[in-house]
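Number of protein chains: 2
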Amino acid sequence: MKKINEEAIKLVIEESKYNKKNNYKNGGPFGAAIVFGDKIIASAHNSVIESVDPTAHAEINVIRKASQILNTGDLSGCILYTSTEPCPMCLSAIIWSNIKEVYYLNTKEDADEIKFRDKQIYDYIRGENNILNMHHIESIEAKKVFDKFEEITDKNMY
Amino acid sequence: MKKINEEAIKLVIEESKYNKKNNYKNGGPFGAAIVFGDKIIASAHNSVIESVDPTAHAEINVIRKASQILNTGDLSGCILYTSTEPCPMCLSAIIWSNIKEVYYLNTKEDADEIKFRDKQIYDYIRGENNILNMHHIESIEAKKVFDKFEEITDKNMY
Numbered sequence: 001m002k003k004i005n006e007e008a009i010k011l012v013i014e015e016s017k018y019n020k021k022n023n024y025k026n027g028g029p030f031g032a033a034i035v036f037g038d039k040i041i042a043s044a045h046n047s048v049i050e051s052v053d054p055t056a057h058a059e060i061n062v063i064r065k066a067s068q069i070l071n072t073g074d075l076s077g078c079i080l081y082t083s084t085e086p087c088p089m090c091l092s093a094i095i096w097s098n099i100k101e102v103y104y105l106n107t108k109e110d111a112d113e114i115k116f117r118d119k120q121i122y123d124y125i126r127g128e129n130n131i132l133n134m135h136h137i138e139s140i141e142a143k144k145v146f147d148k149f150e151e152i153t154d155k156n157m158y
Numbered sequence: 001m002k003k004i005n006e007e008a009i010k011l012v013i014e015e016s017k018y019n020k021k022n023n024y025k026n027g028g029p030f031g032a033a034i035v036f037g038d039k040i041i042a043s044a045h046n047s048v049i050e051s052v053d054p055t056a057h058a059e060i061n062v063i064r065k066a067s068q069i070l071n072t073g074d075l076s077g078c079i080l081y082t083s084t085e086p087c088p089m090c091l092s093a094i095i096w097s098n099i100k101e102v103y104y105l106n107t108k109e110d111a112d113e114i115k116f117r118d119k120q121i122y123d124y125i126r127g128e129n130n131i132l133n134m135h136h137i138e139s140i141e142a143k144k145v146f147d148k149f150e151e152i153t154d155k156n157m158y
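For the record, the sequence lines run as chains R and C.
Position one of the first sequence corresponds to residue 1 (the numbering used here), numbered consecutively onward.
Position one of the second sequence corresponds to residue 1 (the numbering used here), numbered consecutively onward.
In case anyone wonders, no lab produced these hints; they're calculated from the structure.
Treat each hint with caution, since some may be false.
[To be verified] DMTMM-like cross-link-like pairs, simulated, lysine to aspartate or glutamate; straight-line CA separation at most 20 Å:
#, chain 1, residue 1, chain 2, residue 2
1, C, 20, C, 128
2, R, 115, C, 74
3, R, 17, R, 50
4, R, 119, C, 128
[Said to hold, decoys possible] Pairwise CB distance ranges, derived in the manner of DEER restraints:
#, chain 1, residue 1, chain 2, residue 2, range
5, C, 109, R, 131, 38 to 46 Å
6, C, 70, R, 72, 28 to 36 Å
7, C, 4, R, 37, 49 to 57 Å
8, R, 38, C, 123, 29 to 37 Å
9, C, 74, R, 129, 46 to 54 Å
10, C, 152, R, 138, 47 to 55 Å
11, C, 151, R, 143, 23 to 31 Å
12, C, 129, R, 128, 15 to 23 Å
13, C, 126, R, 147, 23 to 31 Å
[Stated by the list, open to error] Computed list of chain R residues with no C-beta within reach of chain C, every gap over 10 Å:
#, residue
14, 38
15, 39
16, 41
17, 42
Since this is a predicted model, take the numbers as computed values, not measurements.
For glycine and all other residues, C-beta sits at the position ideal for the given N, C-alpha and C.
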């Protein structure tokens, strides 16, 4: 295990308290930070209600912020600190951004206890509940778009 | 199964072709739309490279757009159409936004074939690979933030 950045831990706890000042009317009690080397690149808090954006979790916000600051969505080598175990949305965003190391404080079971749906979403992905109805429609035209995409050799992959 | 909106299907295929004009240097071949009743509220395409934002998948973009248009992140009753089976990030965003019905065209196996990592991320969440290192740090202070949160009765939940 790499050396833990104590400053980043203090910061994610601070960020997780940010929405308290408005009695959590603007978002949940969650904070995150991204570190590269010894440097804290960015930090953020949950702003789901304030931003009118169900995707505005602390981790999504901090990944978007760090990408703007570093001018790349490829955050390889960065470490993400978060006040709570990421939900599957944030976990996947972390993987898409090429971050490989995550430190978290509260667990998804803790989040479940304070009535957030993280655990339900994990359970859905693992096939353990049916909170969403997914319908597959076969489409030759959609498949053709993928075929054409494959033919292009100088595209940018991510 | 509800009546399928053929217009929305045409639109998500159109959106999935959007990045072709720049040889997919701005993002992947993916499109999405959100429908409420008979009305298409919003549509979007993937803009991961163009927006310098690894979270800017078609579904995330369209959820953010529809939330701004409807002035709420609660998209209950809306239906999401997407050109490809959502990755776990987008799938979770759909659940967070309270959308319950999703229609998709290409599958995650199709996406795997054109070298996107959707399937790898599903496999990670199901415990079938180890592409991310998650470290839990016990924190009494972080737990206290949750305890205080629970005490507040007039907060906004989502």
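Verification of the supplied hints:
1. As the CA atoms of residue 20/C and residue 128/C are separated by approximately 34 Å, the hinted pair breaks the 20 Å bound.
2. A C-alpha spacing of about 17 Å is found between residue 115/R and residue 74/C, which places the hinted pair at or below 20 Å, so the restraint holds.
3. Restraint check for residue 17/R and residue 50/R: satisfied, since their Cα atoms lie roughly 15 Å apart, inside the 20 Å limit.
4. Taken as a hint, the residue 119/R and residue 128/C pair is honoured in the structure, with Cα atoms around 18 Å apart against an allowance of 20 Å.
5. A hinted range of 38 to 46 Å for the beta carbons of residue 109/C and residue 131/R is inconsistent with their spacing of about 23 Å.
6. The hinted range of 28 to 36 Å is satisfied by residue 70/C and residue 72/R, whose Cβ atoms lie roughly 32 Å apart.
7. Between residue 4/C and residue 37/R, the C-beta spacing of about 51 Å keeps the proposed range 49 to 57 Å intact.
8. Against the hinted window of 29 to 37 Å, the Cβ-Cβ separation of residue 38/R and residue 123/C comes to about 33 Å, which satisfies the hint.
9. The hint said 46 to 54 Å for the Cβ distance between residue 74/C and residue 129/R, and at roughly 20 Å that hint is violated.
10. For the pair residue 152/C and residue 138/R, the beta carbons lie near 49 Å from each other, so the given range of 47 to 55 Å is met.
11. Distance hint check: the CB atoms of residue 151/C and residue 143/R are about 53 Å apart, inconsistent with the given range 23 to 31 Å.
12. Separated by about 19 Å at the C-beta atoms, residue 129/C and residue 128/R satisfy the suggested range of 15 to 23 Å.
13. Checked against the hint of 23 to 31 Å, the C-beta distance between residue 126/C and residue 147/R comes to roughly 29 Å, which is consistent with it.
14. For residue 38/R, the shortest C-beta to C-beta distance to chain C comes to about 18 Å, beyond the 10 Å cut-off, and the non-interface label holds.
15. Every beta carbon of chain C lies more than 10 Å from that of residue 39/R, the smallest distance being close to 19 Å; the non-interface claim holds.
16. With 10 Å as the threshold on Cβ separation, the claim that residue 41/R sits away from chain C holds: the shortest Cβ distance comes to roughly 14 Å.
17. The non-interface label for residue 42/R is consistent with chain C: the shortest C-beta to C-beta separation is roughly 13 Å, beyond 10 Å.
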